[in-house]
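All chains should be modelled from the sequences, with the hints used to inform the complete structure.
Those protein sequences? They're chains A and B, same order as listed. Going by numbering that gives the first Met the number 0, the first residue of the first sequence is number 0, and it counts up by one from there. Going by numbering that gives the first Met the number 0, the first residue of the second sequence is number 0, and it counts up by one from there.
A couple of the hints might just be wrong.
In silico DSSO-like links for lysine-lysine, alpha-carbon gap of 30 Å or less [unchecked claim]:
no.	chain 1	residue 1	chain 2	residue 2
1	B	63	A	529
2	B	97	A	522
3	A	576	B	97
4	A	576	B	58
5	A	545	B	86
6	B	86	A	522
7	B	97	A	545
8	B	48	A	576
9	A	522	B	48
10	B	63	A	533
Stretch-level coverage of chain A by chain B, calculated; a stretch enters the list once three of its residues show a Cβ under 8 Å from a Cβ in chain B [as the list claims (entries may be wrong)]:
no.	region
11	375-384
12	417-426
13	518-529
14	584-595
It is worth saying that the hints were derived from the structure and are not from the lab. None of these values were measured; they are calculated from a predicted model. We put the beta carbon where it would ideally sit given N, CA and C, even for glycine.
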Amino acid sequence: MTSTLGHTSVVLALLAAFCGVVCPIVAARARQERFLAFARYAIFTQFVLVTLAAGALIYGLIALDFSIKYVAFNTTRATPIYYRVTGLWGALEGSLMLWEWVLIIFSGITASLYRDRHRDTMPWVIMIFSIVSFFFLTVLAFVSNPFETVSPVPLDGRGLNPLLEDANMMTHPPLLYTGFVGLTVPYAFAMAALITGKLDEAWITTTRRWTIIAWFFLTVGNLVGAWWSYHVLGWGGYWAWDPVENAAFMPWLPATAFLHSIQVQERRRMLKVWNLSLIIIAFSLTIFGTFLTRSGILSSIHAFSSGPVGGFFLAFLSLILLGSFGLLAYRADLLKEQPELDSMVSRESAFLLNNIVLVSALFTIFLGTIFPLISEAVAGVQVSVGAPYFNSVTVPLFLFLVFLMGVGPMIAWRRASWDNLRRNFLWPAAGSLAFGVALFIWKVKEFLPLLGFTLLAFVVVTILYDTVLALRARKRIAGEGMVRGLVTLARRNQRRYGGLIVHLGVVLIVLGIAGSMTYSLEKEATLALKQELKIGNYSIQFEGLKGSRQPTHFRVEGAFRVLHNGSDEGILNPALKFFPTQQSPIGRAVHQSSLTEDIYLILSGFSEIDRNQATLKALVRPLVIWMWIGGFVIALGTVICIWPMKKTELTEP
Amino acid sequence: MKKNRRFLIGGIIILAALSYMIYGGMQEAIVYFVTPSELKANERSSADKFLRMGGMVVKGSLNKNLNTLTYRFDLTDGTATFPVYFKGVPPDLFTEGKGAVVEGRIGADGVFQATTIMAKHAEEYSPHADGKPPSKSFVPGQEAVAK
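Put into structure tokens, the structure is as follows:
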């Protein structure tokens, strides 16, 4: 019953998507407003039907309708209700359903928000949305149908992958999908601009907020993924350069580049082709990411399963790339006139370098990710590209990017004079150099970490210095104090100050990464009762084991007293979870954070006979917590960037 | 056209630097994937190479010492077996009769000295109702020794 409702909704939505593709073409060709209205209705109809289908699947999961194969495979009677709901994105079919749902929500909002504006481009925007939706609905209807039934109906389901039973899994996939799908909005407007030939800055201005929102969700989605990996996977790391992590990270790079280079186009009408290319690449990478993860061609912890879905995604990807770049080539003559760069020392060129670095990083990560495929296809040799490749190639690039983060926002447009350079950078450069020297004398002797920390200081100091100068000016002009001045500055120029706060957030994330990459400690030992493991300034004492029955599994936890520099920091309980449906236990690592470092404990085994022996792995990870704090700072900056203000307040200072 | 040439030179320099970085990075990070029989056949030529070997842990071959955290076992692909030594903590899913992937080098004694073990993690993710073999999916194991 539920499955029939869901599947029927999907098929009907597919028909509506078809109308959504055809009607705009008629509307634009025949200048028939009526058809534009039809197209809009087609989007709203899809919205209702897809919401119905997703609702049906969620209902099936909550009500444990085991006649639906997807429910049977992803829940059990013992699964708590919130994990039944998150089962929606626990496997392939459901996550495609979620994707389509988010997409159609975005499309619906766009279609109703701009119903009276952009009359020329809107039909095409709706068409692009409908094409993407049509593709996902086709897959959902015919290839990986989440409403497929089983008979006989099993008495109990098989359950969600235990690793996914975690609060972060409730947020990580939806956040990431929102980021991916959000990129469809600027992409759709870009394509509409190409189709209509209205290649001025309108499409960029309209979609600017959307791009920022999509970027934000991509950033946070990746961060939460890293947090989940750190928190749940129990290996003490947060990023393994796993192909699927790369797939989720890669769209972030052109999206970030795009966010910066559109400012050059808005300001100087340069880089038109480049911006269009960036958004095409960013959008294609979201589809490519799904192809990579869902086709099963790469071995990975995230890879759900292989099946015919991969082929569909590959075909769709080719269509997007051919169509988009074909359009771009077709409009080449309209995109010719472009002002040239005035000087290599200017904000334009800082943005350009930022773009080059980001695209280079994208290229190297892309190459490393698909290299095993190329190698096997061309030479028949199975290889894997390890984390050292990605680290050694991207670390210098990202350090350069950090440097540009200090330079870009402060350097003058067009051509920076010596005066401008001296005013903005002399003190910050001197200050951060002094900081670097102090660090060297105190502790940091290796080149790359020293360079990294110094550059981070440089960014922070440029931002603070610039803000202090601006505050002084406020004080002179309006007699405003610090707090009031800050509020005025943020309100007068919300994009600039929001952006600077985002930069500070990025600085904190890089700080966490640099600290944990450089100064981590690891140690493991088998401990008898009351025995100690010493690591760094910590000593960890084994105090016993305890077993307990949980709703879905049996849990064995160890008690370990943590002493830091001799002072008692309490007991940590890393555990092993034994699920009846799994052959091996799932580890549950625990950690205790402080602003300077985390202590991270993993219980890797215990003696089954007398329970007075446990094998423990302990890690010390410095500064990791700043990554998560950085995420909140980025959120704050983003809110400041996109906070809607009345038109009158938006005057430039 | 002077400007164009400058951009061209800049572009070439960037590309060259990037290629150099990629090449260098690949040199140190690329890991070949072999089966026990392939390794047996090329034992001598693979002496110094960092490799990844995949196979089944032979039932009854696992010999572990929890006090020293050392593991000895044989990996097989059905035709040949290869002895493996590992010091550290293997992933939860690592056990006899199951698939495992080890990373490391052949030691002087002809035993594969693994620095990492990854356990095969197939069944939970994918309902293979269509009768296809389970996809290769691995859980990253824990590094034995911090470098």
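*asked:* For each hint given before, does the structure comply? Return the numbers of the non-compliant ones in rising order.
replied: Structure breaks hints 8 and 12.
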